[in-house]
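Trainee: Residues per chain are reported as follows:
8 protein chains.
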Amino acid sequence: MSDVLFDFDRRQRIGVDEAVLCERKTVAQIAAILEGARARDVGLLLTRCQPEQIDRLPKALAEATDYCPLSRTGFFGPVRPVRECGKVAIVAAGTSDTGVALEASRTLRHAGVEAALIADVGVAGLWRLMDRIEEIRRRPIVIAVAGMDAALASVVGGLTPAAVIAVPTSVGYGATEGGRTALNAMLASCAPGIVVCNIDNGYGAACSALRILNAMAGGIPSLLVGEG
Amino acid sequence: MSDVLFDFDRRQRIGVDEAVLCERKTVAQIAAILEGARARDVGLLLTRCQPEQIDRLPKALAEATDYCPLSRTGFFGPVRPVRECGKVAIVAAGTSDTGVALEASRTLRHAGVEAALIADVGVAGLWRLMDRIEEIRRRPIVIAVAGMDAALASVVGGLTPAAVIAVPTSVGYGATEGGRTALNAMLASCAPGIVVCNIDNGYGAACSALRILNAMAGGIPSLLVGEG
Amino acid sequence: MSDVLFDFDRRQRIGVDEAVLCERKTVAQIAAILEGARARDVGLLLTRCQPEQIDRLPKALAEATDYCPLSRTGFFGPVRPVRECGKVAIVAAGTSDTGVALEASRTLRHAGVEAALIADVGVAGLWRLMDRIEEIRRRPIVIAVAGMDAALASVVGGLTPAAVIAVPTSVGYGATEGGRTALNAMLASCAPGIVVCNIDNGYGAACSALRILNAMAGGIPSLLVGEG
Amino acid sequence: MSDVLFDFDRRQRIGVDEAVLCERKTVAQIAAILEGARARDVGLLLTRCQPEQIDRLPKALAEATDYCPLSRTGFFGPVRPVRECGKVAIVAAGTSDTGVALEASRTLRHAGVEAALIADVGVAGLWRLMDRIEEIRRRPIVIAVAGMDAALASVVGGLTPAAVIAVPTSVGYGATEGGRTALNAMLASCAPGIVVCNIDNGYGAACSALRILNAMAGGIPSLLVGEG
Amino acid sequence: MSDVLFDFDRRQRIGVDEAVLCERKTVAQIAAILEGARARDVGLLLTRCQPEQIDRLPKALAEATDYCPLSRTGFFGPVRPVRECGKVAIVAAGTSDTGVALEASRTLRHAGVEAALIADVGVAGLWRLMDRIEEIRRRPIVIAVAGMDAALASVVGGLTPAAVIAVPTSVGYGATEGGRTALNAMLASCAPGIVVCNIDNGYGAACSALRILNAMAGGIPSLLVGEG
Amino acid sequence: MSDVLFDFDRRQRIGVDEAVLCERKTVAQIAAILEGARARDVGLLLTRCQPEQIDRLPKALAEATDYCPLSRTGFFGPVRPVRECGKVAIVAAGTSDTGVALEASRTLRHAGVEAALIADVGVAGLWRLMDRIEEIRRRPIVIAVAGMDAALASVVGGLTPAAVIAVPTSVGYGATEGGRTALNAMLASCAPGIVVCNIDNGYGAACSALRILNAMAGGIPSLLVGEG
Amino acid sequence: MSDVLFDFDRRQRIGVDEAVLCERKTVAQIAAILEGARARDVGLLLTRCQPEQIDRLPKALAEATDYCPLSRTGFFGPVRPVRECGKVAIVAAGTSDTGVALEASRTLRHAGVEAALIADVGVAGLWRLMDRIEEIRRRPIVIAVAGMDAALASVVGGLTPAAVIAVPTSVGYGATEGGRTALNAMLASCAPGIVVCNIDNGYGAACSALRILNAMAGGIPSLLVGEG
Amino acid sequence: MSDVLFDFDRRQRIGVDEAVLCERKTVAQIAAILEGARARDVGLLLTRCQPEQIDRLPKALAEATDYCPLSRTGFFGPVRPVRECGKVAIVAAGTSDTGVALEASRTLRHAGVEAALIADVGVAGLWRLMDRIEEIRRRPIVIAVAGMDAALASVVGGLTPAAVIAVPTSVGYGATEGGRTALNAMLASCAPGIVVCNIDNGYGAACSALRILNAMAGGIPSLLVGEG
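Residue numbers (this note's numbering), protein chains in the order written: chain X, 79 to 306; chain S, 79 to 306; chain Z, 79 to 306; chain L, 79 to 306; chain W, 79 to 306; chain Y, 79 to 306; chain V, 79 to 306; chain D, 79 to 306.
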């Protein structure tokens, strides 16, 4: 009953890799999935993976994992070569938003997409954003990561005609309401056409960018990553 | 102090038309904007416009407006010719979601984009969706409009690799929480990469689709509609 | 004052066994109840019982408990023989929902009812559900367990005329609101006649199924399990 | 675009009649559906239908409708003969809960099920409930309708082994939170196995009872009513 | 700056003892207050005091404290002799509500009032309450402690003309909303004239009972306990 | 089904008059109750009664009603003579709180209790309260009515040892949250032993005062008013 | 009981004029206050005054009122001469925020302070704000009025060292939550030292500016306006 | 990617020091910032810094930090000499509010402003506030810190014409809603012109006071502290 049936054949059916959401999984469950992947020589993306989970994996599996503690993501086994570059910019407002921005960036990289990460451009110091705006405007897809008042998404949305995907973060206390204030502010943005992901969901923003890249590639789906 | 300064020059600066959000505007304010547009021979999109507002406009202005009461939108003056066709599908779950779906469809049409509207495909009768799924899968951009449990967005998101923009609606009572349940369910969707607009915001979903069409067109921005 | 007076005589009065809700009980309190049950040769169901609680019980009591860590339930002493089979299906959307599904399944089993557990059939991969739908439709009672967007309940409700009991789970983060989004989505389901239990309450769903089995059995109450 | 495509063939496919949810429908839309039903000689149930909607219908259609203002329901055309009697009790706490109780009762009647309606048995005057409890206990299905503190559902749930379907109502002000307090109290009930419908959803409770009657009838689905 | 200035003279000014709210106080702060009380030979009531706080106190102070872990209260130094008996009943619904009921009972005892504590009379098993109702009805003041659906307060309120003080508890999960459901249900009670305290606030309920005893004593204030 | 069965015999059974809650009742229902009362020569209290309801009553009934539009209460038929005086003070913070204060005052008067109403003593102008504080302190029961920040209840609670019943009002906008802020502030009051009623529930506060007067009268219940 | 006792002597006691909050006041109550003011030759500020209230006043009173429908404020009788100029800037994001901005501006003007009102500078079109930023930076006090995402407050707060008072507005729908999103975003602003008023409370922002002007004037209080 | 780029040059550009918000920063990140500051001989303010973070710093850095555990703030390196005295009073309601009050006081001190801290003046014991009111009224800026019912802010706001900055605290349980009740009560205060900071944000209140001191100093900005 408690086995995790990981869907290694999914790519063949719908062109989608499944990612391994480590939250609420035991180390034994994760190890079993990784060993299955190794047997098939398949690369996997781990998300929401705590350092303690990596530390308690069998040594061979842990060492075969390229783990990033800030984003809590891991690459296990082969990683796709870069196939897209210069299409996606990820902008993040504050130091504390970097982890979520990196989750988006690493999810894209695992799917073969290199994104530019532009951090620490919160609008309370507007000149920081203005120094980088031309670089941002050159990309057709922009992921905007911000917590607290989330004002970055509105300002960026008003400065670029790109597809803008906003990710609220749970940074802060009190009136930030665990990210719900940022979420609502992005949904209510005065800049038209901004769309929004769940709180702290850098992974989902990357998947949305992959869907848009699918659209840009003319209907032949690139490999979209699913999380299971 | 109470004049509305409408930004007719916006298109030149950032390639964006401004739409006229009629909610909380007086009839006199709307009439002044329409007359300004007529003087410049500019076409305008009216959104959230009540029938009573149209009825109380000066007759010449009202007659020059192609008004749709279900979506509460109006086209005033010249409308762009169709320049894109076959790229966007709009799917709607129930009869009551049609107004929001039409707001999206009409916003796109005003910007020169013809979308397919596929209504009444809520998942409580799954065969209705399945009858239309091939038609949906042919489009690189899908707007999914649903209220109540909003399950349509998740099911569609699992069946197409397209860019999926979800719009929650305020249909229903009690536990629907005025659309917040649908909004949250879409944000928490088990299908990866779905992005979400504000409740009932068909206009915003269309703007997001226009941004993605910008991206697909290779960086030369098509005209994105802003709402003021 | 602090003694727990366990109601061993309840079955005689109203045909209901009382289950032992271990949450907020001390190990000493649980041990006292188990010893009371052993003295009377009564079987007990433990719910919401942490592994640490089992580990700290006197060894004889722990060993006499058939404990399942995923569902956090335990069978202590004699278990009723199976008296019903083929009446109840339990369907669960994701791996993380399995614990709640097992709580329902084990509660039913303790009362002598064998249910079919069909896991990992979330609607983001609709084919998984469709592969099992005939098996589901053969049962007059279906318990649907799902978190996040909870779309499984609506899809199942539209595919079977059975009694459908929906159980939201607290899986996820951000807009899942600790299970409240799934709860509200199930209450607002577009499939008519779905009824809902509290978040993560697999035990309550099983009790509701037992009540329906009572009704099906023609008014002679089967033994319904209460939790104290 | 604005036509309502009513699903008159649904019964043949899945054994379900569709009810006409009048909320948010125009009188013209309702009239079109009724005329379609008349042409096919099909009976229809109208729900959430305001007196003003009936008053503005063409006279022939209005006169062919057996309308009940307290429950805001209407029977249009032929009604099924009674096929079940003595299986369902509907208990309601206060005078203001009667409308919702009647919505349940009338939905059942339209599907051929006669229910006993026991009103005004709120627990603040416990003797009122106790005077009727034997009558309630004789039914295998009980629908409990209550607003405010919703204590009726818990008390009834502790006194009968029947299937108990609880319906919270939006009666009251302030801390009743538009029915959410009653909803949550029913979900958190100390009586095990109570299941809950959306606020004011007497129609949904009746559909759930019909599903249980399906189960009791041995798998041959009776006609379940859907609302569109 | 960080000294706690305890108000030992309060009784002289307004006839009120101050209790020591231990939550968010360091052990050093508590010890200082207790030593101040010892020097003045004043008795103190400790509330919300964790076992670890007692354990880490200097041994002499810990031993001089009559500590009750279930209610997390302590009596330090002299306790008032009993001056009132038979006026207050405390009824509690479930085992998990006992801690809060004891907090009320011990606060009253510290002020010289002996209350009857009647536990485990939740309404899901109505006969348990009915066995004790005459005993309850003999008291002019009733404190009703209940979590989850809080139905006990309404039922008791309908059975006695006494002053009824309701205390919601945070017992439970999901739809109990940390006690807010019980709180709202008590505020919305269908039994008239019930008044309500903050969640888990057994101390506050006791203070309210002391205020009513003041009123009953004819305006000469008994000593009311304040918490600082 | 739609008849309102008014409980004219309640007083004999439990010493409680039932009040007529006019909200959600039709004029016909109210008229029927009043005529029933007239036939029995019983006096009734009407609560939450709109002026339009009075205006549309048969003239004879309207003229026999002593109606107060500010409190939306009416006295129909004989009123009890005053039997208590000087026991209850009602304090209200602002002009907009007066209606709720009057509902409490009139409910008490109908039951034969004369209360002192002290209005417009909000703490933003502390001297207004201080001018009246001696008058307030002479009463053993104080009802404190306030909206917005509800600070009046805490200040009064700190100045009198009386039984303090706090009533939050729905006055204000934005952060007042329809009275929930005042409700929560009163529940969280820093003055110990304050108890709280539902928002705008002056009637409930009066019933609570009647219960305390019962207690003060030594167990022989005065007539407590119930609302049906 | 229902008289409104207006505090015409307040200025003498605490240097504060009382404003007339017209919401929830009858026309008769307002007329009585205005006549009292006229008899004393005192000027009054009316706030939250609907056009219908002005229309139904006795003609002489209405004509003596300088009424502004956008801000729903009125000046009755003598207005203070301008005594401060160049100290306060009021910036507003969108057309719909202008009413609240005018309420602030008119409240200041009534107290003798001339403020600069800079409207339509929402950050979705950042150049609009940048065109006016030097003008804004010259003022030591800035009131920032914005709804929806409220990003204007953060951007302004990062560009000026002035005292910044933020006023959220209730403009918008869905995720704007009636202004709560803007309120929370302002409280959680990434620009340090921004303070916030209640939703739509232009009057309160002006009072806060008057308090700061008091501070700047060296402790001799200017006349602060209170609202009653 | 994970480096923290601290903005040591900010003061030159906009006259603002950046503070070090330690929450969610690793000890290594904090150490790197402190070493950067030491190399430049710049003084820094640490906020929301846990004792464990200080304990795990390299010894030389820890010893160079003047750390206050109650306010969780630290002064690293040179501190500005006092340049303002007698302008700011900080009043705090209860013992548990002192930490937040100290955060405000220490932030001001680091910027060269000496404030008077007046603690333990909650309004439940009004005489405590009255004993200090003249001292409070002498200051042109008052910071009012309070949790629970937050009534202190309204009472103080009614007693002084100063600029009043209210800081809600998260002290308490249940209906305090983690400080949201205090926050809302302060926003809805009946005393006009009170402005509010985020929950527990003593740092923000101090920054606001610095902005007002800027205004009082005649437009030459004093150094305002930003938090990064």
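Check each hint, because a few of them may be wrong.
Subject to a maximum C-alpha distance of 20 angstroms in a straight line, what follows is the list of computed SDA-like cross-link-like pairs (lysine to any residue) [said to hold, decoys possible]:
| hint | chain 1 | residue 1 | chain 2 | residue 2 |
| --- | --- | --- | --- | --- |
| 1 | D | 103 | X | 251 |
| 2 | L | 103 | S | 212 |
| 3 | L | 103 | S | 116 |
| 4 | V | 137 | V | 162 |
| 5 | X | 103 | Z | 251 |
| 6 | D | 103 | X | 113 |
| 7 | L | 103 | S | 114 |
| 8 | D | 103 | X | 126 |
| 9 | X | 103 | Z | 295 |
| 10 | X | 103 | X | 126 |
| 11 | X | 103 | Z | 134 |
| 12 | X | 103 | Z | 130 |
| 13 | V | 137 | V | 156 |
| 14 | D | 103 | X | 146 |
| 15 | D | 137 | D | 110 |
| 16 | D | 103 | X | 106 |
| 17 | L | 103 | S | 211 |
| 18 | X | 137 | X | 174 |
| 19 | X | 103 | X | 113 |
| 20 | D | 103 | X | 109 |
| 21 | L | 103 | S | 187 |
| 22 | X | 103 | Z | 142 |
| 23 | X | 103 | Z | 216 |
| 24 | X | 103 | Z | 256 |
| 25 | X | 103 | Z | 163 |
| 26 | L | 103 | S | 205 |
I should point out that these hints are in silico values taken from the structure, not numbers from a laboratory.
Trainee: Give me the numbers of the hints this structure contradicts, sorted from smallest to largest.
Mentor: 2, 3, 4, 6, 7, 9, 11, 16, 17, 18, 20, 21, 22, 23, 25, 26
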